[in-house]
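Number of protein chains: 2
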Amino acid sequence: MAEIVRLADIARYEGREVTVRGWLYNKTDKGRLQFLLVRDGTGLIQAVAFQREIKPEAFEAALRVTQESSIVVTGLVRRDARAPGGYELGLTDIQIVQLAEDYPITPKEHGIEFLMDRRHLWLRSTKEWATMRLRATVIRAIRDWLDSNGFLLVDTPILTPSSCEGTTTLFETEYFGEKAYLSQSGQLYNEATIMAFGRTYCFGPTFRAEKSKTRRHLIEFWMVEPEMAYADLDECMAVEEQLVSYIVGRALEERAEELKILERDTAPLERVQPPFPRLQYDDALALLAEKGEPLPWGEDFGAPHETIIGASHDRPVFVHRYPARCKAFYMEPDPQNPELSLSVDLIAPEGYGEIIGGGQRISDLALLERRLAEYNLPRQAFEWYLDLRRYGSVPHSGFGLGVERTVAWIAGLQHIRQAIPFPRTLGRLYP
Amino acid sequence: MAEIVRLADIARYEGREVTVRGWLYNKTDKGRLQFLLVRDGTGLIQAVAFQREIKPEAFEAALRVTQESSIVVTGLVRRDARAPGGYELGLTDIQIVQLAEDYPITPKEHGIEFLMDRRHLWLRSTKEWATMRLRATVIRAIRDWLDSNGFLLVDTPILTPSSCEGTTTLFETEYFGEKAYLSQSGQLYNEATIMAFGRTYCFGPTFRAEKSKTRRHLIEFWMVEPEMAYADLDECMAVEEQLVSYIVGRALEERAEELKILERDTAPLERVQPPFPRLQYDDALALLAEKGEPLPWGEDFGAPHETIIGASHDRPVFVHRYPARCKAFYMEPDPQNPELSLSVDLIAPEGYGEIIGGGQRISDLALLERRLAEYNLPRQAFEWYLDLRRYGSVPHSGFGLGVERTVAWIAGLQHIRQAIPFPRTLGRLYP
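Chain order of the listed sequences is A and B.
Heads up, the first sequence is in this note's numbering, so the first residue is 37 and it goes up one at a time.
Heads up, the second sequence is in this note's numbering, so the first residue is 37 and it goes up one at a time.
One chain only, chain A, in its complex shape:
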């Protein structure tokens, strides 16, 4: 064995003998030349076993090794412009750690359910690998931006005694004799923590027991929710467009190779720069009517409407001031027109739909009490939330950004289920 290196760092080792520990991704048999495509989790390299230059046991191992067997290979790092990644390994030794038999995912086409049943293996395939690396960068970029812009991470609970977005889509569990529900949003808790820390965010898994089987829905998904004390709707939009532009910029900068593997046209992503267009709800309705998809005033948009609005702009677009009745109980009414709420959604371009929902929250105690009653929400469970309006209430705003929708958009995925390592969808809880 020579020095053990990661393929991500291979360029540093040109002309040296190194050892790589990984798996066989693919093999091409040219008789006395065996071309092994080796992956180690950080990259891929072509390793060449030439019968004349390698000891017989090692060449025999090269002949015998199968797809996805674990192998430790040693060889000389050579520059080779034709090789994927620009380098190849002239093998001097191969050790098989474990010989895999009949790996089920072959280069031929497989159906989506077949692949999803084998998600624990499918993640090894280059496109899934590239998507998950992009996902990690998206998450890292979100945290970096928030941490550098005065937001403090304050985790909110998953097990909660009450619901935020309505009780029909809640997962319920028994909590030592009480009923508990899986959180659909950390927002209400964020509204408490901003009064202690100024600007906060929570970032965790979120659960919606929705019976929708669309390409934009997951049962379990990750969401980041920033919240700001002393901030109005305009500031909320300003933060959103800065954050989203930063995420896309980091993805382009750090995951160029992965975006190439995903065959993503990056031109539309390069255009994601602030300011984003701002449409009032009424303007969006006019746009929909013009595009032949009219909607009655007061209705919320569905996927087809979002697609039209998104496709009419070359970057993400804000739609703000929705009718109060199509948004949640805690939305601050527009002082200009109390039928409208100071709410805002951010719609991604290229048909990816809503990636952010947010707005300004009610700060007045009496109004919030009325809203709880109007929405038939159990007052008792919201007493602590009402306290936030009793003791030092301030104008405040915030939003939730869906990680998988953002990843699906940046990666250019057809379906959100490939934007998360182990998707939970209607009918899928395995593996």
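Wrong hints could be hidden among the right ones.
The list treats identical chains as one, so a pair stands whether inside a single copy or across any two.
[Stated by the list, open to error] Below, in silico cross-link-like pairs of lysine-lysine (DSS-like), each with a Cα-Cα straight-line distance of 30 Å or less:
#: 1; residue 1: Lys-249; residue 2: Lys-215
#: 2; residue 1: Lys-215; residue 2: Lys-91
#: 3; residue 1: Lys-247; residue 2: Lys-215
Note that these hints are calculated values from the structure, not bench results.
Fit chain B to the given chain A structure using the hints.
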């Protein structure tokens, strides 16, 4: 209004008039001089209203304002060595945003249940504030270290069809007609993702429906779980001690002020440097016997044993090679003595107990199949996990670090419940 600034940045504004948006933390009435202690979430400042220098409405507001009212204050930033934080604000204006009445948490002593019922407000108190800021730094440090050392964040699911650590402490929910359980660990999924990415980690909430009411247990807690392909027990320990030393170093560097608020003696933290002592389980038993707390061979340690082991060392201490029967089914046996497992716990000093559990996992298919049978685990649910030994199995190791135990230790807390914003304990699901 002057330029709006954050108290965290106040030193930059010496000699200038600024506006601070925050809350009244405390007030001292000296007649014509009103001393307002103002907090804005990023820090505290003493703001002085001098009747002669301020317009009457503003002075009247200073007289009238109550604890935790939201206020916007404008004044001149003056250096003052006697003031907390080193600066004070000579007020020129005060606006009350919302006048709080009868804020329930007063400077007098309150019982823990009283405070926990008001956790949404209690977080505003300086010690809780300092703890949560320290917590955010601990989490940030963990991610920074892992992201810079070749680990990829790959999220694992919360809703799972089977259990990892035994079914008696699982929360159950209905998943569209199937039974689902809240994850107790992402480890099994990490073992899949390392085969795709080399080194990975998951970092999320974890649930254990344990009926323990100790100062070290939470029902819902956060855990980071790094996992490494091609890594043995020794490498696992090396990574753990580097990570833990880095976390403590960052906390000391970035949260000196918070540690002071918490009255934490930092001398024991300064000593947290690698290498950490490594004790075999047998050595630990000998130590316990010597300290008058003998334990029969084969038993796992309880809190009193961990306290003794931790107190006998000046930095965190590894205990490795526990008897196989006191650890989980997936632990690799010690090739020197198959009665032992290649497991390791890291025990914090100063009585804080186990903060990490980990070790090397079984890589052999036949052995893992036997273990599943011995532990009476449902083979069907583990088929995908067995696949990891069929297709490119490698020696691999990993561990789980409990965030709240780590925060409690670094902060010097008496009880883990104050290390998380909204604790879930036996009998507490509110707020």
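Taking the hints in turn, this is what the structure says about them:
no.	hint	result
1	Lys-249 to Lys-215	both (27 Å within a copy, 20 Å between copies)
2	Lys-215 to Lys-91	neither (67 Å within a copy, 54 Å between copies)
3	Lys-247 to Lys-215	both (22 Å within a copy, 16 Å between copies)
Checked against the numbered hints given earlier, this structure breaks only hint 2.
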